[in-house]
Amino acid sequence: MSRRHPTVAEDEIRGTAQGTAPVPLSVLDLVTVGAGRTATDALRTSVAIARLTESRGFHRYWIAEHHSMPGVASSSPAVILAHLAAHTTRIRLGSGGVMLPNHAPLVIAEQFGTLEAMAPGRIDLGLGRAPGTDGATAAALRRADLPHSQLRSSGGTPVHSGADDFPEQLAELTRFLDDDFPDGHPYRRIHAVPGPVQATSPGGVQSPHRPPLWLLGSSGFSAQLAGSLGLPFAFAHHFSAQNTVPALDLYRESFRPSAVLDEPYALIGVSALATDDEKEARRQVRAAALSMIRLRTGRPGLVPTPEEAEAHEFSPMEEEFARSWNANVIHGTADEVRSGLDDLHKRTGADELMLTGNAHSGDARLRSYELVADAYGLPTTR
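With positions in the sequence shown counted from 1, the corresponding number in our numbering is that position plus 388.
There could be a bad hint or two in this list.
Simulated DEER-style distance windows between Cβ atoms [said to hold, decoys possible]:
id : residue 1 : residue 2 : range
1  : H573      : A436      : 42 to 48 Å
2  : G686      : P590      : 54 to 60 Å
3  : D637      : A699      : 40 to 46 Å
4  : R402      : P590      : 33 to 39 Å
5  : G407      : G592      : 40 to 46 Å
6  : G592      : T562      : 20 to 26 Å
7  : T408      : R711      : 27 to 33 Å
8  : A505      : D552      : 31 to 37 Å
9  : A587      : S646      : 19 to 25 Å
10 : T562      : D650      : 17 to 23 Å
Please keep in mind that the hints were generated in silico from the structure rather than gathered at the bench. All residues carry an ideal CB built from backbone N, CA and C; glycine is no exception.
Start from the sequences and build out the full structure, keeping to the hints where you can.
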């Protein structure tokens, strides 16, 4: 039986800068939940931000995967993306990213094949190799009925394998997406549906496209792997700023042209919050820094209000952490944020800037994207 492999068009990856922005602008959403708010409130904010940024020419909207964090309601990216697909029509939607070691590759292929069927030509599949949570939660996510050794002997990648197995898991996922396991492979007769196998069934008609794969990283491992495979790369500058330039250099040096890309394409995640006045920006990011302090010290919770942060007595160590953390958050008025983003682009040469605004208030996050769009003169569409 002949098989028609799905393809990825390069224009599904490369965006176009709008207004006076130096590169395409996109959104990374953690679906943050503030004190006094519910996950329902946070998800409604995500819909509002997706609609706004779509109308203002942002290129893509990604959902991160995190677990066991009360202040982050993005544990199920595929579910949230399906919801956003029902409320948008043009903006690209994707995972930023699915943490591959947490899941069986077949499950991811099925989920994103379903998303592609819901929103044809608009879905990205960003993949990370970290768990997106603590070790105990990661162990709970990766439970399997078969022992590690038995899973390996079956020819498949263990569900509970760690980051060291990432290249093998990636290869397995790619084969499920393309439906091209070789003859004799244990998974040769297993198919991810929706997917290419439907085109080979009698009377079958199936889209020849599939979601583009992106590799995410905060160090050099995924940068080098993405380059060697000719895949687009997304770097987590928002929490690993010191590694940004070395990782992007490694990606570009390692890049080999592929069927997906002729030249490297790298975006970076950027913490950015614009407000109507500078003082409010400082209040919001200080509250977000307090939330991160609690997370890093084993006390994760909802994002505190600015008032709670103002009343909190920061220890010298906490004060230093907040200062260091917020040094990598571009915040202030719209003009200040635009200037900071322009400088960051010049320093890194990133092909795309993906903004994430962490604030207690959903209204503050929504207003931030509106101010950035206005600062760059992004068009308004309906």
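To see whether the hints hold, each was checked on the structure:
For the pair H573 and A436, the beta carbons lie near 45 Å from each other, so the given range of 42 to 48 Å is met. Taking the beta carbon of each, G686 and P590 are about 57 Å apart, inside 54 to 60 Å as hinted. The hinted window of 40 to 46 Å between D637 and A699 holds, with their beta carbons roughly 44 Å apart. As the Cβ distance of R402 to P590 is approximately 37 Å, the hint placing it in 33 to 39 Å holds.
Judged by the Cβ atoms, the range 40 to 46 Å given for G407 and G592 holds: they are separated by roughly 43 Å. Taken as a hint, the range 20 to 26 Å holds for the pair G592 and T562, whose Cβ atoms sit roughly 22 Å apart. For T408 paired with R711, a C-beta distance near 31 Å keeps the hint of 27 to 33 Å intact. Between A505 and D552 the beta carbon distance is about 33 Å. The supplied range of 31 to 37 Å therefore holds.
Separation of A587 from S646 is about 23 Å and conforms to the stated range, judged on CB atoms against 19 to 25 Å. Look at T562 against D650: about 19 Å separates their beta carbons, and that is inside 17 to 23 Å.
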